[in-house]
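Based on the provided sequences and hints, a complete structural model is requested.
If you're matching them up, the sequences are chains A and B in order.
First residue of the first sequence: 0, per numbering that gives the first Met the number 0; consecutive thereafter.
First residue of the second sequence: 0, per numbering that gives the first Met the number 0; consecutive thereafter.
Don't read these hints as lab results, they were simulated from the structure.
Mixed in with the good hints, there may be bad ones.
Subject to a maximum C-alpha distance of 16 Å in a straight line, what follows is the list of computed EDC-like cross-link-like pairs (lysine to aspartate or glutamate) [what the hints assert, rightly or not]:
#	chain 1	residue 1	chain 2	residue 2
1	A	Lys85	B	Glu272
2	B	Lys86	A	Asp95
3	A	Lys86	B	Glu272
4	B	Lys308	A	Asp316
5	A	Lys295	A	Glu272
Quick caveat, the model's predicted, so the values are computed rather than measured.
There are 2 protein chains.
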Amino acid sequence: MKFSIKRTAFVNSLNIVSRAISSKTTIPILTGLKIVATKDGLILTGSNADISIETRIKASNADNKLAIASTGSIVLPARFFSSIVKKLPQDTMTLDVTDNFQTRITSGSSSFDINGLDPTNYPHLPEIDSDDSITLSGDIFKEIIQQTVIAVSDQESRPILNGVHFVLSDNQLVAVATDSHRLSQRKVKIDDSDKSFDFIIPGDSLVELSRMIKEHQDIQMRISENQVLFTLDETSFYSRLLEGNYPDTSRLIPTTSSTTLQFEAPVLLSAIERASLLSHESRNNVVKFTLKPSQKIATISGNSPDVGKVEENLQPDSMDGEDLTISYNPDYMKDALRSFGKTMINISFTSPLRPFTLVPTEEKENFVQLITPVRTF
Amino acid sequence: MKFSIKRTAFVNSLNIVSRAISSKTTIPILTGLKIVATKDGLILTGSNADISIETRIKASNADNKLAIASTGSIVLPARFFSSIVKKLPQDTMTLDVTDNFQTRITSGSSSFDINGLDPTNYPHLPEIDSDDSITLSGDIFKEIIQQTVIAVSDQESRPILNGVHFVLSDNQLVAVATDSHRLSQRKVKIDDSDKSFDFIIPGDSLVELSRMIKEHQDIQMRISENQVLFTLDETSFYSRLLEGNYPDTSRLIPTTSSTTLQFEAPVLLSAIERASLLSHESRNNVVKFTLKPSQKIATISGNSPDVGKVEENLQPDSMDGEDLTISYNPDYMKDALRSFGKTMINISFTSPLRPFTLVPTEEKENFVQLITPVRTF
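Laid out in structure tokens, this is it:
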């Protein structure tokens, strides 16, 4: 196997598959990057226990300046190999595999010989039998990920909660995540789809996927029994699915409310950020809303005998309903508020110990953040 | 004590004194920031075992929008207080110390009450009796620090080597640092000074000082028996001096050479960076020069049986003298080369086991980096 290539094009593809490669894995060959050269171009692969990424560099694309002198394959130590490629002196580089998986990398007057690994020992990528492919807008799917993944549990006690639950039916995709303290649910219309799916993707996989989605890029999704495959142009992203039944979350979201507040999300976020400076110094990370719609008083406060206290008068755009005092974890509130960007939101409370919801004032059916308050008495 | 102030001006001064404040100190009051309000303005102080920083905010400077309502002093938890000030909602803020060192910070509708500490327990700053002050160009002193501090030892076995040795005599300031594997020496002319000093400043203090020096800023230096005081406009920077005798380094620098190389520093730096990628993966972090001036051959190479090998033909601007093969720690070489910026340098070797030197081709008497090679046979 021997080829030469434009170094920046190669680095771009190395960076993509490197997302799946961990130096901490217990399976030595998975610290490697697999390179296959065919007469059509290169295929690079990286993998870990959860995700695998494969990307192609086409010889037919003149920008890649890819010249395949001989075909073949090799596995190279990913981190070390990437750092070499990034530091090479010239715009082009040559990679040449000789005996015993020895690989020579040359560029200008610089020459590296590194020890490769036998590519036949590299695990095969999952096979996705399904021909059913769903096309999604990358922009919207990225938004869905960013809005829901904040509520994914990072505890190992209930593994099923480490994923986002997707249900596709009736031309609608519902994504929901909860760590049992908070919940995020987003709905989008999927045009022209009579398919039904129910699957759970690990939150970590989704975060990596979202980082790969470029603006205005369409993505194709295919589901098998225990794997999902996303195709983004020249790149295939595989993730395992979580097995088991996701809890029924539909009844957790309250449908009535006794007190409501309306805010520009960033305005409330700034106030919460200030209040959390104090709560973070205290043992119980809690801040309190005191809402008195009749007197047009809304305050946020925190108190920690060791450190001090904070109080701020809030100026909601509107406030209605009954008087209420409610305490909550400000970090959950910050995550939730950030997920709304700059939109106007409604916050609806029922009682001091019942979960409250945040929804955008427009299209309120399609997005909800739910937070369970903290009992402080 | 009560004052109001423009928040950005206050934050600038907080950032300056915060450099001296560590949250890891075993003396609780030193995690605090001392604020003194006089009718002339504010004095902020931060301190740790090695350095103390005091900075003034003048009421006479209208840009500060400083209004002192009542004078006094307080010590506030530095990290927590700074994070509050930085997050406050309005351009101005008010600080008001009430009973029991309780301090109220207000800005717009936001109000924090935090627990302060008794300022009478805050340690006094060192007293510098000396009236002898030396004025230095901040730009040049910053350069001296950056060029020498790389060779300061980070080992605790010989504390005297944790500092930079300064000798002022005959209108010349000589700065030297060595960790016994490498040495850096810089000389500058000090005009109009008949003074003589010999002192050692901890490398860590110098790094903090260098970060505070603004472009084209003059600094005044005053020395006492065990302290040095640098004055930078409104800021006083105190550092303890290291006690003891610095080793005589003057005879370590070779005066003859048998092989010389000339390079643009950045060109050689790139080649060393590539070679060190491989040496860092191996147990002995060593790269090798093979120099054959008669054949115009100069190569850099590294070899690690576990990982691979690297070789690169170097193109020095000139090369003279005897053939030589010499091995060294590439990290020392990288630090040394970076200290020259973009200048042309001469590298002079005497033998494979004797230290070699790097000097700029211009003003070569004023700056030298010395590196001890590694025995590999």
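Okay, the hints, checked on the actual structure:
Taken as a hint, the Lys85 of chain A and Glu272 of chain B pair is honoured in the structure, with Cα atoms around 11 Å apart against an allowance of 16 Å. With a C-alpha separation of about 56 Å, the suggested pairing of Lys86 of chain B with Asp95 of chain A is violated against the 16 Å cut-off. Taken as a hint, the Lys86 of chain A and Glu272 of chain B pair is honoured in the structure, with Cα atoms around 8 Å apart against an allowance of 16 Å. Our distance criterion of 16 Å between C-alpha atoms is broken by Lys308 of chain B and Asp316 of chain A, whose separation comes to about 67 Å.
Of the supplied pair hints, the one linking Lys295 of chain A and Glu272 of chain A is violated, its CA atoms being roughly 23 Å apart against a limit of 16 Å.
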